[in-house]
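J.: Each chain is listed here by its residues.
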Amino acid sequence: MATPPPARPAMSHSSAFLLPSSAPRTGSADAYAVVVLNQRLPRFAPLLWAPQVRVCADGGANRVFDGMPELLPEQDADDVRLRYKPDVIKGDMDSVRPEVKEYYSNLGTKIVDESHDQDTTDLHKCVAFIAQNSLVSDVSNLCILVLGALGGRFDHEMGNINVLHLFPNSRIVLLSDDCLIFLLPRTHTHNIHIERSIEGPHCGLIPIGAPSTSTTTTGLRWNLDKTCMSYGGLISTSNVVDEDQVTVTSDSDLIWTISLRH
Amino acid sequence: MDVMVHSSSFLLPKIHQPAKTPANNYTLVVLNQHLPRFMPRLWAHAKLRICADGGANRIFYEMPQMTNDQDCETTRNRYIPEIIEGDMDSIRPEVKRFYSNQGSTISDKSHNQETTDLHKCISSIRHRTPSHEKSDLCVLVTGALGGRFDHEAANINVLYVFSDMRIIFLSDDCLIQLLPKTHQHEINIESSVEGPHCGLFPIGAPSTSTTTTGLKWNLSEAKMRFGSMISTSNIVDSEKVTVQSDADLLWTISLRNLT
Numbered sequence: 000m001a002t003p004p005p006a007r008p009a010m011s012h013s014s015a016f017l018l019p020s021s022a023p024r025t026g027s028a029d030a031y032a033v034v035v036l037n038q039r040l041p042r043f044a045p046l047l048w049a050p051q052v053r054v055c056a057d058g059g060a061n062r063v064f065d066g067m068p069e070l071l072p073e074q075d076a077d078d079v080r081l082r083y084k085p086d087v088i089k090g091d092m093d094s095v096r097p098e099v100k101e102y103y104s105n106l107g108t109k110i111v112d113e114s115h116d117q118d119t120t121d122l123h124k125c126v127a128f129i130a131q132n133s134l135v136s137d138v139s140n141l142c143i144l145v146l147g148a149l150g151g152r153f154d155h156e157m158g159n160i161n162v163l164h165l166f167p168n169s170r171i172v173l174l175s176d177d178c179l180i181f182l183l184p185r186t187h188t189h190n191i192h193i194e195r196s197i198e199g200p201h202c203g204l205i206p207i208g209a210p211s212t213s214t215t216t217t218g219l220r221w222n223l224d225k226t227c228m229s230y231g232g233l234i235s236t237s238n239v240v241d242e243d244q245v246t247v248t249s250d251s252d253l254i255w256t257i258s259l260r261h
Numbered sequence: 000m001d002v003m004v005h006s007s008s009f010l011l012p013k014i015h016q017p018a019k020t021p022a023n024n025y026t027l028v029v030l031n032q033h034l035p036r037f038m039p040r041l042w043a044h045a046k047l048r049i050c051a052d053g054g055a056n057r058i059f060y061e062m063p064q065m066t067n068d069q070d071c072e073t074t075r076n077r078y079i080p081e082i083i084e085g086d087m088d089s090i091r092p093e094v095k096r097f098y099s100n101q102g103s104t105i106s107d108k109s110h111n112q113e114t115t116d117l118h119k120c121i122s123s124i125r126h127r128t129p130s131h132e133k134s135d136l137c138v139l140v141t142g143a144l145g146g147r148f149d150h151e152a153a154n155i156n157v158l159y160v161f162s163d164m165r166i167i168f169l170s171d172d173c174l175i176q177l178l179p180k181t182h183q184h185e186i187n188i189e190s191s192v193e194g195p196h197c198g199l200f201p202i203g204a205p206s207t208s209t210t211t212t213g214l215k216w217n218l219s220e221a222k223m224r225f226g227s228m229i230s231t232s233n234i235v236d237s238e239k240v241t242v243q244s245d246a247d248l249l250w251t252i253s254l255r256n257l258t
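Residue numbers (numbering that gives the first Met the number 0), protein chains in the order written: chain W, 0 to 261; chain H, 0 to 258.
To be clear, the hints were calculated from the coordinates, so they are not data collected in a lab. Among the hints, a few may not be true.
As the list claims (entries may be wrong) - Residues from chain W shown here face chain H by an in silico Cβ test under 7 Å; the list is partial:
#1 P68
#2 H164
#3 F166
#4 D177
#5 I205
#6 A209
In this text, a Cβ means the ideal position worked out from N, Cα and C, and glycines have one as well.
Only chain W is shown next, with the shape it has when bound in the complex (with noise of 0.2 Å):
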């Protein structure tokens, strides 16, 4: 008689740190950091500054200083900048206009500067600064909340989507003013609470650098069922949340994706 493989540990996720500051909070993670790339700022990145740490890579440094204050547009420029500021700036400085550089450094904003480092990108290397400096109390249960990883350059696009199989471990979310895409590693089971106040109806599962032979889903209108999926052939686009909480079971990693409401 076979014995059955071990069972997997579930792995919950929430979107919970969308919500806005005055919900209570039951998010599945402890503590977040705020990631900023180099592109325009979704419309509720004001909403997210409030977790431990705020790093901004080489030129989203720029994109808070321009960013923030437009999008609150009713209040003082310079208010506005301090209280929406990066606790670092990190990279290779030649985005990073030198005035902003200078003006969040007067603020106390640490500038970590180093030289360009053509084998990682700059997510990689923002991700690996927040886990060794021990920026945040408890890495274990740590979520990085990346804005701009999505969209413009497509290479840059799939070196940030490479940063999240490189470290399947992390809790690392991506978003964008659309949607918000994480890993779903082959490691676990997986409990998605959905928040459908902020985020749905559209959903999908990717399996983005190898196929899946067996995924098996529960919540969504058309679930899986130990399917296949493959690029060039069923990949799951344009589902729908139809419950509170989605889980799914794949033997790969899998990129999950939902829609975020206006």
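Please build the complex by placing chain H on the supplied structure of chain W, with the hints as guidance.
T.: Frame of chain W; chain H shown alone:
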């Protein structure tokens, strides 16, 4: 193994066509996102222009900002798509009426909810292209990247499902296309309009052996997979890049400011 030759001559102004272009039969498909700034240039090259549903809204409202025409009406009368195709749930009634009156064929596929608008368009392009013209055909698509990630993923899947067709996705920042593993690839670089940033991605399945020439960081029988090494932020170092791989790869190159 057969060689497949690629060139971005459709990005050049129409009069500046190089002597050997692999395709001279361009079809343009416009999806429902902001038009790239160089859309008039693509329109001029295309023999056939198809708007996928809300793509028609984009032409109607955004083209006037890209031309030197004196008024919107002049621009709108100049840029009439031959076909508007899709499930028609995004196109505005006034836009549909305008193009219908101007002679565009409205191809309503709302009964088919199984496939995306892009898939429907590519499928019907393939059906209406005679076999002897298929090797010259190149489909240029705008609006396939960015926006909702599941839409982008589904659009990229169309490249894999129709891997025997030349289909190129274009945005303001870059272009992407599939390099099927069935061929060796020669990519002629038009350095006045594209580069230097480029990359190669094994999105569907890993590669155990990829070899390139013409890049700053060439690959030599290299393994590539997500979760390990993929070629991002590479640089084109030559007028011709060659790629040979045991896996289907997505090629991307950045676009220079074309306006």
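J.: Hint by hint, note whether the structure agrees.
T.: Here's how the hints hold up against the structure:
no. : hint : in the structure
1   : P68  : 24 Å, violated
2   : H164 : 4 Å, holds
3   : F166 : 10 Å, violated
4   : D177 : 5 Å, holds
5   : I205 : 5 Å, holds
6   : A209 : 6 Å, holds
Figure legend: structure checked against the earlier numbered hints; hints not met, in rising order: 1, 3.
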